[in-house]
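Peer 1: Listed below are the residues making up each chain.
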Amino acid sequence: MNLTVPAAGAIIALVITTLFVVHPSPYLMALFVFVAQPLFLIGALLYVGRVFRELHAKDIL
Amino acid sequence: MLPFAVPSIESVVKALGVILGILGILLCLRILRVRPPDLTSARLIRLGIVTVPSAAFFKLLAFAALILIPAAAVAVANYHVFEGVENVEGCASCHVMHPMVNDMHDAGSNTLAARHYRRRWIADRQCYQCHTDYGLSGTLNAKMEGYRHLARYVTRTYPEPIRLRGHYLNQNCLKCHKATAGFENVQSHHTVWDRLSTNQMTCLNCHGLAHPSPGDRTPGSREYARLMRAPE
Amino acid sequence: MAELERASQPEGHTRREVLQTLGVLGATGAAAFGTWGALEALVPAGTAEAWHRSVCRYCGTGCTIQVGLRGGKVTDVRGDPAGHNRGVICIKGATLVDLPVLPGRLTRPMIRRGDGFVEASWDEAMGLVGERFQQVIASDGPDAVAFYGSGQLFTEESYTANKLFKAGIRTNNVDGNPRLCMTSAAFGYVQTYGKDEPPGCYEDIDHADCFFLMGANPFDCHPPLFERIHQRRRSHPGTTVICVDPRRTGTAKRSDIHLPVIPGTDLLLLNAMAQVICEERLVDDAFLVEHVRFSDGKVTVRFEQFRRFLDDYAPEKVADLVGISAHDIRRVAFLFARSTATMSLWTMGVNQRAQGTFVNNMLNGLHLITSQICRPGATPLSLTGQCNACGGVRDTGALAHLLPHGRLVAKEEDRREMERLWGVPPGTISPRPGYDAISLFRAMEEGKVKAALVMCTNPAQSLPNIARYREAMKKCFLVVSEIVPDSETAKLAQVLLPAALWVEKQGVYGQTERRYQLVEKLLDPPGEARSDLQILVDLAIRLGHGDLIRARTAEAVWEEYRQLSGQSKYYNFAGITYGRLRTLPGLQWPCPTESSLGTARRYVAGDDALVSPGRKIDFYGQPDRRAVVYLRPYQPSPEAPTKEFPYILTTGRVLEQWHTGTMTGRIPELAKAAGRGHFEINEQDAYGLGIKTGDTVRVRSRFNAMTGTAVVTSGPRQGVLFAAFFDAAFLVNLTVSDAVDPISREPEFKVTAVAIEKASA
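Protein chains in written order, with the working numbering: chain H, 2 to 62; chain A, 1491 to 1722; chain Y, 431 to 1191.
No false leads were mixed into what you were given.
As a list, the in silico BS3-like pairs of lysine-lysine whose alpha-carbon atoms are at most 27 Å apart:
| no. | chain 1 | residue 1 | chain 2 | residue 2 |
| --- | --- | --- | --- | --- |
| 1 | Y | Lys-904 | Y | Lys-921 |
| 2 | Y | Lys-1122 | Y | Lys-1188 |
| 3 | Y | Lys-904 | Y | Lys-878 |
| 4 | Y | Lys-878 | Y | Lys-841 |
| 5 | H | Lys-59 | A | Lys-1549 |
| 6 | Y | Lys-683 | A | Lys-1668 |
| 7 | A | Lys-1668 | Y | Lys-1102 |
| 8 | Y | Lys-1122 | Y | Lys-683 |
| 9 | Y | Lys-503 | Y | Lys-951 |
Rather than coming from a laboratory, the hints here were simulated on the basis of the structure.
These numbers come from a predicted model, not from an experiment.
Working from the sequences, and respecting the hints, build out all of it.
Peer 2: Shown next, in the form of structure tokens:
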């Protein structure tokens, strides 16, 4: 299971989130809300997708 | 009395957020360094008292890094989005709000915001108390508007002076004023109660400006410079 | 942690990963902008699609408003934050949404047939009107026809009517309902400063620390102004509000000092205040020397004579007659003189009086002797009753004795100048001033005026002593332009013309503080209704005055009138174009050029461009540049109480109803809130008379009698009854005296001697 892309996305999102938590300015909030959150979601979905693919390959799901 | 200083919620949020963030970044970096061949083997990894296959360990790691920690980090960060913005300082962090905030703090101003503030009729989070709409769907509207304001502000696609879009709901006023004798004693409130309660007529018609007028908040206007400065 | 073997990646990123990365970036971007787009689209709709600046239809506050339209209908009305009223309007203004959909609108012309009316076409109706007017003019001369207009017509309309009748038909019988409300103030200003209209403005409210409210109840009748006074108090504790009113009104209750004077006696109060001010050396001598002249109405007199004249009015001598204490008189005199900035505000209680002009003189006089004038917050501001009595009637000269911009019918050089400006031969304008309102209806009674055009007003309900004048109107060929077919005046018409209302037509309104504002046409009138301007133009053409009345649209008339003002030294508002009115929340005249921002305070250097260079204060309206303070002797009202009529009836208004209720009476919430017309009787009087709330009482004056419901209250002072005149089923004006001020010819609605008794069930 190749999780390079979702992990990279999550790193970017986590960096934004950490910065935002420390200094909640409007620009960081916008980055968090509109960029980091979608990135997290997409990362999570990619992960779930890969899990399903693997389980499907093993005839479990 | 506790023997140590009780930390504020803000500090807790910040600390937790930083911890989660760093942990998450480390775990993700760990995941980035893993290569597929490592996962297929039946290699075992010992974690304290438990022994798991490396593939399973990797997936657990990924679950933590991509689901758990992001969820926690998002939850913690959204404290700022949902609670932090309720503070006056949160509103004041955008410069277009400075006229409203400065005016509210101005003891000589007669806008509704200033009067409510001066008379301490609202204890704290004054902006939010008037700008949260009554009821769940109302609150949802307010949140959506908040996100929209954020997008507009950071992309600088707002006109100045800014104006409220849609409708300022009277319920924001009525939720405090309706039950009072002062309100009930005014004949006109009863005369047009139907229109007030359904927002066909705004309370502001008779009660005037809540904030400095758009004209005063226009860059270059006579009052603009004064409004952009905090009052003495 | 466990150890993991590192395996190296064969080369850089695989193509798959690159595609995935791009996909993720794209998805993130889509999510971000998609969310934003959804938020923009899901914004809750407001109450209107488009907003237009306009002016309230009702009172002389002249609030700037924003009218919201959606789907071609008015869906919301708000105060305009950029207007002088700073977003504040009152409950009548807030219900303006209902005006365009008022029930029972007159939509077609009607011609009388017997006791009723039949519908007619415009051509038929106006043909009849033109024909009758021509007949009467031919057989009895131009002075047998008349125009009775209104302070609620647009300026363009009053101007056109004035021009048509005075320069076309050649009669000066042009008058209107401002004669019933503002002429005492107009004459007062002209006598004092040489020019009509207040020197100050609403902004003075933000600077005054003493308010002298006399014969005015702004809490109910000019609410946004009262709110502004209230704002001043909030930000400036120590501001004093003095209220002179026979009733304990909403304003009086919120004032610091309430003087419940006996109606008709307050010239005594003002003279007494002046006496105190002179005696206690509260006079500003330097100001008097430079800027004031004293006069007894005929000749100039010296200040000493003024002082001696006032000796008869010492507080102790007059307090009982006024019904208050000498102590209070001395107190308010001191506050008036010694406050940093004193502002008076007055309206009908001062104007609708047999000595209205004199009371106006003295109010201005108090400001002049104490130099409480020409400074921010210090000014005598007469509050106007109607939305356009100032701009539309006083300034256009649409009164029987006036020509535009302060010119007088009686002055030959003014007539010649007007004839030249209007392009008519010298001698066209009659030298005879026309009939003022009361005289006009008396002339109808005597058959001297046989045809009259009545526009935008309801004299059959609003005149004093209406029974007499209703009979008079029946004798006349009355052409009435109205919005409804069943107003009291409409019922007496021979020809009824359906009129457009408010934003169904376009024109300029000029309110209390000399501010001209534009009402743009936003809707079409219902049915076949037309603007009053269109009706006047039609009449002009039919009477053969098509080349005189060449301006046929509101904009064209305004252009003509604006240019005309440029020919007047002191009424110059040539800088007020429609273009500027469309973008600005009004402009205060004088405004001589298009770059001028208007004049907030007149007669003051820096503010008023007409002040001569080198002078700080310049009362340029007077030949010697000095304002005049008059010695005005008090005379009891002709309606002072007698044994037969021991009480005083005073009339007025309520918050929710405008004038005769032709508009607000048809808005259900407002009608319900005001209830039916009734008599407010002081509780002490009621006790003595055995009257309880709900009883039917009979009120009788020298003029007439009527019955109505009594409401017992502590409002009016003992000996005084109050009633409002908005209810057509409660025609209180039947009993009201039609005595007039001999100078202004304004009737004394505020003082009628009456008898009250409980009517048998």
